[in-house]
Amino acid sequence: MRPRPPIKGRGIFSGTGLVIAALAATASALLYPLWSYADRQSPAAGATVLSTQTVTTSYGPLSTQDQDFITKVRLADLWELPAGELAERKGTTAAVRTAGQHLVDGHTSLDAHVRTVATQLGVPLPNEPNTQQNQWLDTLGAAQGEDFDRQFAGILRLAHARVFTLVAQVRADTQNSLVRDLADDANATVLDHIKVMEATGYVDFAALAKELAASPTPVPTPPAVAPSAAVPVTPEPGESYSMPPATTSPPPQTSSP
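Residue numbers (our numbering): 62 to 318.
Cβ-Cβ distance ranges computed for the label pairs, FRET-style:
id: 1; residue 1: 115; residue 2: 192; range: 27 to 35 Å
id: 2; residue 1: 207; residue 2: 181; range: 38 to 46 Å
id: 3; residue 1: 155; residue 2: 115; range: 42 to 50 Å
Read the hints as simulated data drawn from the structure, not as lab findings. Using N, Cα and C, we set each Cβ at its ideal position, and we do this for glycine too.
Hey, can you work out the whole structure from these sequences and the hints?
This is how it looks when you write it as structure tokens:
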């Protein structure tokens, strides 16, 4: 019996199938990185959300950090000004009473400044100190005599040390001219208050170092302020603070003849 001849074309189809399979595998290998990259786009989406939190203003971009800083300046005014008034009344030494006067004067001016900035930039402000600040005020209200002097100098020196680094960070990072000007004012005010606290002679620097090491975070981020609960940010008559001009485009350069 004669063997059956091979079917023509089977070798061709078999070879074609191998070529197609190879091409499919190559395509899969090329497309997989694209699919894999697409799956890794979620962080970029988060970055887009963060970028939308920056508000465009005529004074430059207003970042989330800028808005947080404005709120914290207002909170500092809300508790440090009454703390200064307590020191003016209850301080047993001239240095403590002088420190209290610096707090009152400094935060009266700084509060007018921050409310003017908040008005210009549309940032709602709190009208009450936070929980920690109220606790500090309660401690100072209950203390008497030399104990008050020590508590006052220790608490205020610690609070100003924590906020000092925050002011520097905001001043270095902000692109908003109003926030930059407010940071300059806050920096000068905080430094003055640090010095007058140290001049009382009641600052325990060893205890201060331990407190700062135990809590490296400068100042906790305050909770969001509901517009309905916010203080009207428009300053009282006579309290307005002169603002720098809005950001403008640089004048066109002219070529020299």
